[in-house]
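Residue numbers (my numbering), protein chains in the order written: chain Z, 2 to 284; chain D, 586 to 1087.
Treat the hints with care, as some may be off.
[Stated by the list, open to error] Here's a subset of chain Z near chain D, in silico, CB distances under 10 Å, partners left out:
#1 Gln-51
#2 Ala-126
#3 Leu-158
#4 Val-211
#5 Ile-222
#6 Asp-226
#7 Ala-259
Since the hints were derived computationally from the structure, they do not count as laboratory data. Positions of the beta carbon are idealized from the N, C-alpha and C atoms, including for glycine.
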Amino acid sequence: MTTRWWREVGWRHAGGLVAVVFAVVPVLYIVSAAFNPLGTVVSTDVVPTQFSLVHFRSLFEDPARPFPRWLLNTVVVCAAVTVVQVLSSAMAAYAFSRFRFRGRRGGLLTLLLIQMFPQFLAVIALFTMITELGAAVPALGLNTIAGYSLVLMGSALAQVWLIKGYFDTIPRQLDEAAVVDGAGHATVFFRILLPLARPILAVTGLLAFVGVIGEFLLASIFLTDTRSKTLAVGLYGIIESDRSNNLGVFAAGALMTALPVVLLFQYLQRYIVGGLTAGSVKD
Amino acid sequence: MTRILCLGTAVGTAAALTPSLVAGGHYVVLSIAWVVVAVLLATYATRRALLAKYLVPGTLLLVLFTVAPVLATVQMSTTNYGDGTRTTKEQTVARILANSVVPTPDSPTFNLSVATTGPGGFTFFLVDRATGRAYAGTPDGLAELSAEAVTVTRGFVTAAPGYTLLSAAQVNDAAEQLRDFAVPTEGGAILRRGLREAFEGRAVLRYDPESDTIVDQRSGTRYTVQRQGDREYYVDSGGERLSDQSWRAGVGLENYRRAFTDSRILGGFLRIFGWTVIFAAGSVLLTFAVGLALAGMLNDPRVRGQKWYRSILLLPYAIPGFISILVWSGFFNQEFGLINNLTGLSIDWLGDPFWAKVALLLLNLWLGFPYMFLVATGALQAIPGELKEAAIIDGAGGFTAFRRITFPLLLVAVAPILVASFAFNFNNFNVVELLTHGGPFTPDNPDAGATDILISYTVRLAFGAGGAQFGFAAAIATLLFVITGVLAAAQFRATRSLEEVH
Chain Z
2 MTTRWWREVG WRHAGGLVAV VFAVVPVLYI VSAAFNPLGT VVSTDVVPTQ FSLVHFRSLF
62 EDPARPFPRW LLNTVVVCAA VTVVQVLSSA MAAYAFSRFR FRGRRGGLLT LLLIQMFPQF
122 LAVIALFTMI TELGAAVPAL GLNTIAGYSL VLMGSALAQV WLIKGYFDTI PRQLDEAAVV
182 DGAGHATVFF RILLPLARPI LAVTGLLAFV GVIGEFLLAS IFLTDTRSKT LAVGLYGIIE
242 SDRSNNLGVF AAGALMTALP VVLLFQYLQR YIVGGLTAGS VKD
Chain D
586 MTRILCLGTA VGTAAALTPS LVAGGHYVVL SIAWVVVAVL LATYATRRAL LAKYLVPGTL
646 LLVLFTVAPV LATVQMSTTN YGDGTRTTKE QTVARILANS VVPTPDSPTF NLSVATTGPG
706 GFTFFLVDRA TGRAYAGTPD GLAELSAEAV TVTRGFVTAA PGYTLLSAAQ VNDAAEQLRD
766 FAVPTEGGAI LRRGLREAFE GRAVLRYDPE SDTIVDQRSG TRYTVQRQGD REYYVDSGGE
826 RLSDQSWRAG VGLENYRRAF TDSRILGGFL RIFGWTVIFA AGSVLLTFAV GLALAGMLND
886 PRVRGQKWYR SILLLPYAIP GFISILVWSG FFNQEFGLIN NLTGLSIDWL GDPFWAKVAL
946 LLLNLWLGFP YMFLVATGAL QAIPGELKEA AIIDGAGGFT AFRRITFPLL LVAVAPILVA
1006 SFAFNFNNFN VVELLTHGGP FTPDNPDAGA TDILISYTVR LAFGAGGAQF GFAAAIATLL
1066 FVITGVLAAA QFRATRSLEE VH
């Protein structure tokens, strides 16, 4: 370890380590709070010192905060919205990538424009809309997971640009060869393009998934009944009702929510970095 | 085969819903449902319309749940819709009249059984105590029932085909929905009194549609429509309101006028707008500066373990935002929070207007710098190394080469992402709502907090404790649409590659 090494490489590591500490402290704090049996703000340190599963147990046993129910609700919403969003986006991307038609460029640009308007800006109209829908069809009203999912599906075409960009890189000769062999357009799409586009489908799926799991604004207005809540509003309710003493329970729930997402991110890291530079923002 | 199954399900669902939608009078929902079915049939039942087969599903959802609500918000911004104006004028008049019904000495009384045909739809089954005749009463009127139509036991209707009769406890539970239920009769209405009894009373008030006046038949007072603020009420000659109940009406650009002329609202609005811009710009600059510095430091072939750095730095980006924000909100606690504990400070982070803003920016830095780090790394790697080497050979120092060559090239590449990030933070409701709730607030303006951005302000106006002001909030939301549109245009210009859409 010479001074030269320090001057050329070492200081870079020093900067990197500072960033790592900054990034990791809140994460460690969640872990530490989740396993700390006291579960209060005062008793929690950054470094875990005690180990207990009491908060995890209370999440599954206290009927006042039905964590399993929230988890189920969240999984249902995330799965439904992600599948619909990725599939409809991929279908539209196929049309935009492979067909030539009038209004194609205009359509693509319009999509980009609409995508920049966050849907929740129309929250008041969405609220009245879902209230009226609920009066007509109670299964789709306020405090229903189905109605909430339906509203979020308004972002069905959010991933068209990313997927279309990927389709563009798949040689057209592949589909043309299949058509010569007698394949119809549906076969080309489902049997050839979709399997080849798996990486981008995984990334767009993940982006859609984290978008839904973190959605708070609409959920906080539509889902006020305890049993209809998603993890976002449910866990918020736990910490909000007592910021000092409910930290442990909240952290336990947060840990179980975040862990699968973080693992997915790590697993798909390579593709995500590629997608990011193509200009997608997580929200 | 699957296609036929899917289409069949769609038609079947719509058909199954139709009777109850017609019965409930939900014609808008009904027609939208059938339009959707028709579009699906037209697209998928033929062999033609190849293009539409791929565009229709997403477009339908986009139009129904994004485009239509945006247009509805703009439309709503020209009304006074909110608490006290949720109903139409006809509904308001009917409610005022029904509330004036009083029993008379010779009022007929009925044994009441409440029945339902489905959610929200109620029917009163009535047996006249004097004559023993049975009636069915709905908001549409009273109809006498033949002896065979229902089962009457001990003076009460106890069974009716097609109806579910409610128990006393169920009637009690539905009291809120039944509050305004009245069966109109000649010159009055039949109202519920207790769980098992109803009476026919006479309305004290009478509505005259010709002159649009409500007349009190006892005192002869006439109430006419008068505008007070952005609402209309029925008032007597002295301006005294008959009822505080108003109705939904168009007010033109009144909401916008209010936003820009009412000095208290305008003051709050301009301050919030200013902070929204500072917050969004500050977040972008901070995250980009830190992300770029990190990328510059670590993006060097001599630095080992880049994969590890990247994996760890990805964490703040990967954890769902609401979790990190809520954890950070604990860090800012003045007495027990991690930040004051570690630094030995005693800052009232969330209670002081200035420090609350600092806290927001600090949190947003944590949330955003990994993203900017990844973006900047990608952009740096895309810049050919020879350019920088050539500059260094020409005698430029490392930093000069970065400032003159690398940075300008990088900026071109990331400009669209910077604008997108600005637009995202401009509407970053989650961070503000979950960390500070827009606060701290001052007592003289409880609607507009020190860290409010436009979207959190809008949501509070619409759904906050101060009573719903949907119309006014919709006007602010419309302004947000316009600003977001301008930002979108800026991003279009920043993205050169868009000109090459092929």
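Comparing the hints with the structure gives:
Interface restraint check: Gln-51/Z against chain D, minimum CB-CB distance 17 Å, threshold 10 Å, status violated. At its closest, the beta carbon of Ala-126/Z sits 4 Å from a beta carbon of chain D; the interface hint therefore holds under the 10 Å criterion. Restraint check, Leu-158/Z versus chain D: the minimum CB separation of about 4 Å is within 10 Å; hint holds. Proximity of Val-211/Z to chain D holds as hinted, the smallest CB-CB distance being about 6 Å (cut-off 10 Å).
At about 6 Å, the closest approach between the beta carbon of Ile-222/Z and any beta carbon in chain D falls short of 10 Å, and the interface hint on this residue holds. Interface restraint check: Asp-226/Z against chain D, minimum CB-CB distance 15 Å, threshold 10 Å, status violated. A least Cβ separation of about 5 Å between Ala-259/Z and chain D falls short of the 10 Å threshold, and the interface hint therefore holds.
Hint violations for this structure: numbers 1, 6, all remaining hints satisfied.
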